[in-house]
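Chemist: Take a look at the letters that make up each chain.
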Amino acid sequence: MSEGGTTKLGPWADDDFVGTVLAASAAGVDSDLPDEIRFMGGVAKLIRTRIAEAGDDTDPARPAVFLLEPTARTHRPDIAPKRAPMLDNALTAINGRLWFMSPVPVVGSYVELEDCDDDKLFRIVTDELQLGDVPAAIFDPRTAIPQLRLYRNGLGDPGTCEILRVDFVDVSLPRVFEIINRIYETGLVTPTAQEQAGKLWENDEKHWVAQDAELKVQLYLRMGLQGALLLCHVRSEEDIVSGRYDIAIMEVDPLDRSCARWHAILELKVLRTFGSRGGSYSDQDTRDRVESGVRQAASYRNEKGALAAALCCFDMRHENTGEECFSHVVDLADAHQVVLRTWFIYATCEQYREAIISSTEL
Amino acid sequence: MMAKSTEPASDYDIDDLRRRIRLILLLDAAESAGLTPLPILHLHTFAYMSNVLSPVWEVPVLEGKVLKRRGNPFYASLQYDLDRLVGIGVVLVSNVSHVLDEDQRWRLEGSYCLHRPFADRILQRIKAFEDEREIIHFIQELAYALSALSSEDLGRATTEDATYADPIIDVGNVVDFAEWENVNYSANAARHFERLLPSGARATQGEMLHLYVHHLYGRLQSV
Numbered sequence: 050m051s052e053g054g055t056t057k058l059g060p061w062a063d064d065d066f067v068g069t070v071l072a073a074s075a076a077g078v079d080s081d082l083p084d085e086i087r088f089m090g091g092v093a094k095l096i097r098t099r100i101a102e103a104g105d106d107t108d109p110a111r112p113a114v115f116l117l118e119p120t121a122r123t124h125r126p127d128i129a130p131k132r133a134p135m136l137d138n139a140l141t142a143i144n145g146r147l148w149f150m151s152p153v154p155v156v157g158s159y160v161e162l163e164d165c166d167d168d169k170l171f172r173i174v175t176d177e178l179q180l181g182d183v184p185a186a187i188f189d190p191r192t193a194i195p196q197l198r199l200y201r202n203g204l205g206d207p208g209t210c211e212i213l214r215v216d217f218v219d220v221s222l223p224r225v226f227e228i229i230n231r232i233y234e235t236g237l238v239t240p241t242a243q244e245q246a247g248k249l250w251e252n253d254e255k256h257w258v259a260q261d262a263e264l265k266v267q268l269y270l271r272m273g274l275q276g277a278l279l280l281c282h283v284r285s286e287e288d289i290v291s292g293r294y295d296i297a298i299m300e301v302d303p304l305d306r307s308c309a310r311w312h313a314i315l316e317l318k319v320l321r322t323f324g325s326r327g328g329s330y331s332d333q334d335t336r337d338r339v340e341s342g343v344r345q346a347a348s349y350r351n352e353k354g355a356l357a358a359a360l361c362c363f364d365m366r367h368e369n370t371g372e373e374c375f376s377h378v379v380d381l382a383d384a385h386q387v388v389l390r391t392w393f394i395y396a397t398c399e400q401y402r403e404a405i406i407s408s409t410e411l
Numbered sequence: 411m412m413a414k415s416t417e418p419a420s421d422y423d424i425d426d427l428r429r430r431i432r433l434i435l436l437l438d439a440a441e442s443a444g445l446t447p448l449p450i451l452h453l454h455t456f457a458y459m460s461n462v463l464s465p466v467w468e469v470p471v472l473e474g475k476v477l478k479r480r481g482n483p484f485y486a487s488l489q490y491d492l493d494r495l496v497g498i499g500v501v502l503v504s505n506v507s508h509v510l511d512e513d514q515r516w517r518l519e520g521s522y523c524l525h526r527p528f529a530d531r532i533l534q535r536i537k538a539f540e541d542e543r544e545i546i547h548f549i550q551e552l553a554y555a556l557s558a559l560s561s562e563d564l565g566r567a568t569t570e571d572a573t574y575a576d577p578i579i580d581v582g583n584v585v586d587f588a589e590w591e592n593v594n595y596s597a598n599a600a601r602h603f604e605r606l607l608p609s610g611a612r613a614t615q616g617e618m619l620h621l622y623v624h625h626l627y628g629r630l631q632s633v
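Protein sequence lines correspond, in order, to chains H and E. According to my numbering, the first sequence is numbered sequentially starting from 50. According to my numbering, the second sequence is numbered sequentially starting from 411.
Bound conformation, chain E alone:
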């Protein structure tokens, strides 16, 4: 959680700040896992996974719903914040091009990484907050887990994700796992692994994330 300032900020400002912080944490974790520069849709997928799997680590969900698209999840607000971070020099973009997406609309394509001289100072401040350190820990482990997927598999990971790929939700509808609805198939599936280890041990939170991604990988291969 962010520290409260003396002057109460509006909810909009706080949410805005949280999203930008989340973006910086995602890109930092992606770099440690060898995933950078991260293509834009991979970044949105990673952001989605960090939302839907938050309950496994018992950290707050940042955005509990997302509009279901034909391809990957795409957060308009996150993209807006990302563009702003590029604008102020905290994030670098490379391989910029434009592509026709699954909905037959043109959009910019690019790959992102942190601009360390600016981002490191922000990260240092974020790490001073204990709650944020727990979120950092979660996002880092999730990045390690997702790094096991090939670039191609990461690009289509949500097509088999237990929540996003739920056939009951049609394209164009909202995938809601933590706003009005409280059923999160992805987190449930990850937790389902807890008592399945053949050694008789209980899976840790870290193991549950890795097992979830491993299972997702198996589904992607069988498609």
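The shape of chain H in the complex, shown without the other chains:
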């Protein structure tokens, strides 16, 4: 945009933009994430906002079923779902209804669910609507602590279910590291664990690390953390005064968007022996990167007023030296209260297998 930039607002010049921001949900913040994660996170936040807005006894004490099926495709032409626009303002009753949703729950279409047992509830979706294969969520307000049950494979696979509390989320660093451990074990640890489009090695035999390895690790972590911390917003690559943070985990008050809690700032570093074209990195390069990472994590945490900061190193060097890469910054990290963690990424599956066998022999 040339002259004027954002000051040129035409007929909107005198509008209350801040009022809009305070009233709106954070829809769109996760536009780069997979549909299923957006859907699950959107539903979780919608329910929490509805409970905060209307109390937990306004809506009927019957389950609400959400299907990631925006067009309300159905094998029952007699069913005519009613559309509920601006659903994210949480003014619409949710319980006792079967919802057809897009990955961004700013709108939904619903049909009323009759009072029925759980088996019938599942059969309505799997048999009558034949939608047992679409990602689904069930909010169950009947339990002592209301639960959101997530069926990523759909209600046709009821055994694959994750249960989420909608009144509380643990975002302590130990919990964050637990999630990263899982991401590491399932998606990062060896070349074969990595997705085709997310390969971290340029040439694994030669230990050449892909140029954009850090960005790829960031995306793996962002998806994994957002998928596990559905009530939070996992943001990345935001320019702030002191630089640009890699990952921030924050939570917004469902009733007051001006109240946000920044739980953690994660600074990510990929440690290399060789670059993507074979150029070598010295030990001093690595030490400098680690030290810079500690300082970055501390300053980003301080600027955002976050509760915790961590430096997460993904070690793609020749040798696994464990926590030794932090030996020169232990005092610095202590002084700035930055927690240090490292994960070793193996260049070959053979190297990984040997490491597993050696560790069990010990």
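Derived by calculation from the structure, the hints in this document are not laboratory data. Keep in mind that the hints are not guaranteed to be accurate.
Stated by the list, open to error - SDA-like cross-link-like pairs, simulated, lysine to any residue; straight-line CA separation at most 20 Å:
| # | chain 1 | residue 1 | chain 2 | residue 2 |
| --- | --- | --- | --- | --- |
| 1 | H | Lys-57 | E | His-547 |
| 2 | E | Lys-478 | H | Pro-60 |
| 3 | H | Lys-57 | E | Val-471 |
| 4 | H | Lys-57 | E | Gln-489 |
| 5 | H | Lys-265 | E | His-547 |
Just so it is clear, the structure is predicted and the values come from calculations on it, not from any experiment.
Please build the complex by placing chain E on the supplied structure of chain H, with the hints as guidance.
Modeler: Chain E only, in chain H's frame:
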């Protein structure tokens, strides 16, 4: 951007192709957002929004101007291309009727959606181009944002849009935001949200689109 063929095509052919591709992308995104079958004027509104808000996503504007009508924007070229896509079976039309529009002229009314067996193969080819994938991403997020509006509100969305509803431009004149003029109030307004988040975070491109539509909704309710 489309791949260049070995034989240079005329500008007309390229523009024609781009418009048809845009139509397919709009209808594909509308379906994912639960908006299909999309009434004709909603489709033109969606096309207009995809033009005027392109700068927010930093993708090229397809058509930087439109004739201001009493009701919704209407692109004659887009309608021509849409009819051709119906003719070759890529797009399906339903609920066909005729209505008297705001300018007291009869026109055909209908609702549109993609005919998947044909459209999916085209979409698959389009997605092979990186630049097109970015445009697809933008149009999809815009569709999600617009889906928050009721059908009635989407039908009159441009009556409050920061650019189309500019009272300085009279009906019958051209609303120009990216051809000869370079002031785009709509994109400016969307970007204005970037630094307003109360959490202290900066709004992403996706958030800016949703906030723009949310604000538009507020204006529509206050009319």
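Chemist: So, for every hint listed, does it hold in this structure?
Modeler: Against the structure, the hints:
no. : hint                     : in the structure
1   : H/Lys-57 with E/His-547  : 27 Å, violated
2   : E/Lys-478 with H/Pro-60  : 16 Å, holds
3   : H/Lys-57 with E/Val-471  : 19 Å, holds
4   : H/Lys-57 with E/Gln-489  : 32 Å, violated
5   : H/Lys-265 with E/His-547 : 19 Å, holds
Going through the hint list in order, the structure does not satisfy hints 1, 4.
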